[in-house]
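Visitor: Single-letter residue listing:
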Amino acid sequence: MIWLNIISDFKLADKAIFIFSLILVITSYFYFWQTTPASYAIIKRPQHDALHISLDNVKKYDLQGAIGTSRVEVEHGKIRFVSSPCQNKLCIQHGWQHHHGSLTACLPNRISIQLASVNKTIVYDAINF
Amino acid sequence: MMTLLAHTRRLPFLFFVIVLFNLTSCSKPVTEFNETVFTMGTLVEVTIVGEEDALSEQAYAAILNDFNYMHNTWHPWQRNALRRVNSLLRTGSPFTIAPMILPLIKQSQALAEQSHGLFNPSIGKLVQLWGFHQDNLDEIIDAPEDHEIQALLKDLPKMSDVKFKSLSMFGTNNNIHLDFGGFAKGVAVDKTIEHLQEFGIKNAIINAGGDLRAIGQHGDRPWRIGIRNPREEGIFASLETVGDESVFTSGDYERFFMVDDKRYHHIIDPRTGYPATQSRSVTVIHHEAAVADAAATALFIAGPEQWHEIAKSMGIKYVMLIAHNGDVHMNPAMAERIKFTAQPLIKLSKPL
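Residue numbers (the working numbering), protein chains in the order written: chain A, 1 to 129; chain B, 130 to 481.
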């Protein structure tokens, strides 16, 4: 009840400042806390330098790993393994990855894909699984 | 009341000032060092913030050596110190304590006892029977026969079967085979974090295949950890670490093989000899990575009925267990720290 009394005592300008601040808090929560879409991927594989690829296009890449060739597919901001010589196909089951900070890998083939964003504002610093 | 109301017109301005202070604190840039490497049979990601690149690179090179040394020494199925210990334990005769293995044995004995035997790294033979001792599960073509499992269960070793006398150790069960598995990963994370701290590094994460220990924070905000959904793509929940904490998850999706469309995963219940069936995943937060690692395994096996009792016994304060039917179980303290991307139905336990 005391809060109702306080708010009813506000003048128009007070209410405007209050609402503006509230909107600022809510939008900044989403801005700073929600996941950022990735804009590029960093691919690491044995005996090769890290490969940076843009996620803006539609393209398939064949990557030579430790036990064979893994195929990854890029499509408008997301990336996934579509084939790999490993038995469990866990890398394929991870499906599309599109958030900044996501990490997916084919361990038997020793190929990892880490997603990153040019406009890195909001992150998970690490992914637990 | 009138005095209070007289001051209320200042409140919006005060609120606005507080908001501005908070927003300006969000944007301070920090230097970040990030490297990923294959070691300990998994992908290890090292993140260091707020340090000069030269120091970060020097520290990273040092812990990479640590990881490789520990992997080579503690791998249960390679020609190394642990293999020698395993073969000598089975003879029953005393032999000189192996100093590089001793801390691992001592710590896992304590944790095995606290977990009422659910965490049991002495069942390497059972792990081998299932084929999970191999780095690559491609070669497994079938599950073991039930009579083979029952034969091992008849005289299943326990960690307490490793005895110490003066500077010697010996085994009292000739089925014993120490396989520290993921626990070695937890110990390795602890050791390498300690090594980073010796370099003076205060803010870092070591993430070994999805299990991590975080110290300090990222600039002026806490480390933010996303927890992957055990069944679907994407992030299921998130949390912030406080100070120095480890976040470990054991799940049935990590290592498994399929036979006739049936999935057999790597977390073996020492009571039945078969992969544990009551949980999809268990996430534990604890200061020490090794303890979090052992607890995540034990609580996964314990399942929804028994996890609370075992967590209490192991001194774990934060647990989230996703049961085989998708129910989410957790203690109230964990519920206060976890933010879900889509709010599931949560079964809150009594406090731990």
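Take these hints with a grain of salt, some might be off.
[Unchecked claim] Computed from the model, here is a short list of chain A residues facing chain B with C-beta under 7 Å: (1) 73; (2) 83; (3) 87; (4) 105; (5) 110; (6) 126; (7) 127; (8) 128.
Keep in mind that the hints were calculated from the coordinates and are not lab data. Computed from a predicted structure; not experimentally measured. Just so it is clear, CB atoms sit at the ideal spot from N, CA and C, and this is done for glycine as well.
Visitor: Could you run down the list of hints and mark each one as holding or not?
Guide: For each hint, the structure was consulted:
no.	hint	verdict
1	73	14 Å, violated
2	83	15 Å, violated
3	87	4 Å, holds
4	105	5 Å, holds
5	110	5 Å, holds
6	126	4 Å, holds
7	127	5 Å, holds
8	128	5 Å, holds
When each numbered hint is compared with the structure, violations occur for hints 1, 2.
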